[in-house]
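*Asks:* The hints should help you fit chain B onto chain A, whose structure is shown.
Chains as they are written, first to last, in numbering that gives the first Met the number 0: chain A, 0 to 207; chain B, 0 to 207.
Hint data in this document are derived by calculation from the structure and do not stem from the laboratory.
There could be a bad hint or two in this list.
Think about it this way: if two alpha-carbon atoms lie no more than 35 Å apart in a straight line, the pair counts; the simulated DSBU-like pairs of lysine-lysine are [as the list claims (entries may be wrong)]: (1) A:K108 / B:K122; (2) B:K141 / A:K123; (3) A:K15 / B:K143; (4) B:K110 / A:K117; (5) A:K143 / B:K28; (6) B:K108 / A:K122; (7) A:K15 / B:K67; (8) A:K141 / A:K25; (9) B:K117 / B:K75; (10) B:K67 / B:K122; (11) A:K108 / B:K123; (12) A:K122 / B:K110; (13) A:K110 / A:K141; (14) A:K25 / A:K75; (15) A:K108 / A:K141; (16) A:K123 / B:K75; (17) B:K143 / A:K123.
Protein chains: 2
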Amino acid sequence: MNNNNISMAVIRRLPKYHRCLGVMIKNGKKRISSKDLSEVIGFSASQIRQDFNNFGAFGQQGYGYNIKELYNEIEKIIGLEKDYNMIVIGGGNLAYSLVGYGFGNLGFKFKAIFDNDKSIIGKKIYDINVYDVNILETFISKNKVDIAIITTPSDVAQNIADRLCISGVRGIWNFAPIDLNVPEDIMLENVHMVDSLMTLAYLLNDKK
Amino acid sequence: MNNNNISMAVIRRLPKYHRCLGVMIKNGKKRISSKDLSEVIGFSASQIRQDFNNFGAFGQQGYGYNIKELYNEIEKIIGLEKDYNMIVIGGGNLAYSLVGYGFGNLGFKFKAIFDNDKSIIGKKIYDINVYDVNILETFISKNKVDIAIITTPSDVAQNIADRLCISGVRGIWNFAPIDLNVPEDIMLENVHMVDSLMTLAYLLNDKK
Chain A
0 MNNNNISMAV
10 IRRLPKYHRC
20 LGVMIKNGKK
30 RISSKDLSEV
40 IGFSASQIRQ
50 DFNNFGAFGQ
60 QGYGYNIKEL
70 YNEIEKIIGL
80 EKDYNMIVIG
90 GGNLAYSLVG
100 YGFGNLGFKF
110 KAIFDNDKSI
120 IGKKIYDINV
130 YDVNILETFI
140 SKNKVDIAII
150 TTPSDVAQNI
160 ADRLCISGVR
170 GIWNFAPIDL
180 NVPEDIMLEN
190 VHMVDSLMTL
200 AYLLNDKK
Chain B
0 MNNNNISMAV
10 IRRLPKYHRC
20 LGVMIKNGKK
30 RISSKDLSEV
40 IGFSASQIRQ
50 DFNNFGAFGQ
60 QGYGYNIKEL
70 YNEIEKIIGL
80 EKDYNMIVIG
90 GGNLAYSLVG
100 YGFGNLGFKF
110 KAIFDNDKSI
120 IGKKIYDINV
130 YDVNILETFI
140 SKNKVDIAII
150 TTPSDVAQNI
160 ADRLCISGVR
170 GIWNFAPIDL
180 NVPEDIMLEN
190 VHMVDSLMTL
200 AYLLNDKK
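Pulled out of the complex, with its shape left as it was, chain A reads as follows:
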């Protein structure tokens, strides 16, 4: 999926680095060695050095990493220096959770919510308008939409995904418990909550 050699495993560790370093900055910490970072974050020190080498070397032998510099660099790598316009398809409980979550602080901005339920169309979820899903394509053609979030029931999720792809949306964040088919140039991230819960069930049984 990537056009360079950074593995998805490395990429998926970046947000955790971002979160840990953010906490350190908040606590007034300035520098950290890969050994100390390792203890906080739970990855090995050599893993950490390898990960950072993927993006150029940020540390100095014997001096460790400048936390703020490293944090800023990871923000740039992830792409957090800019804003992302997001829409949500499906105006149920999950839409409330997501809009109220605070992603805006990271630059992820909610622009519209779409549903087919006449009783909520025209209303707002927090300060975001709920529109008829019939105007989804029109909205996308007139507004820059970077990420569309699918929170619909499973049985309509693929149809919504198809409509989004045809409309030119390149990023889909899917919460419907279904494996969507999208073209290769569409970036799809799934939050399959059931998968996580099942993993937990397995682990609970495995330990008995």
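*Replies:* Chain B in isolation, oriented as in the chain A frame:
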């Protein structure tokens, strides 16, 4: 974390097998070769055979897999043949999403919700009672709780996790955007939504 040799990578693929095979059963399909399953699920045929070999061989050379048999076996491996009692700490939007999600069909049963907000204590979220978080330990001592779900703000999540662990809860499903410290014998699964969103942001930039 596991007391046998099955890797977390294999375990995390099980729910996807479960979901895909479930769809096939619903569509009336009886048998499938690892090659055909590979096309549907997106793992290689040899990966699929390897995964299933971890738990004993379910397929017959040339006949493929009996879908219903395989599905039942995966249910047993994950531990879905029994019920799990769950509580939620934090009675906000996410609690609504989770209680309303439909996990009950899989055997994951909500028993109670806890919050410190007097305006919701004593009310219900769907049909589940919201209790004062002060009685968390008492509730756990009197009721079998398999999984506790943390949906609180980050700044109290570690304290809640500590209280759960001391009370004897062995499974924690954490939605707070923080990396919790728990003893090794506690099974912790995180749904870090921000991590998933950041990964999507990275991928969107990477493709440009």
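*Asks:* Hints first: check each against the structure and report whether it holds.
*Replies:* Verification of the supplied hints:
no., hint, verdict
1, A:K108 / B:K122, "holds, 32 Å"
2, B:K141 / A:K123, "violated, 42 Å"
3, A:K15 / B:K143, "holds, 33 Å"
4, B:K110 / A:K117, "holds, 33 Å"
5, A:K143 / B:K28, "violated, 42 Å"
6, B:K108 / A:K122, "holds, 32 Å"
7, A:K15 / B:K67, "violated, 39 Å"
8, A:K141 / A:K25, "violated, 40 Å"
9, B:K117 / B:K75, "violated, 41 Å"
10, B:K67 / B:K122, "violated, 42 Å"
11, A:K108 / B:K123, "holds, 31 Å"
12, A:K122 / B:K110, "holds, 32 Å"
13, A:K110 / A:K141, "holds, 12 Å"
14, A:K25 / A:K75, "holds, 19 Å"
15, A:K108 / A:K141, "holds, 16 Å"
16, A:K123 / B:K75, "violated, 44 Å"
17, B:K143 / A:K123, "violated, 40 Å"
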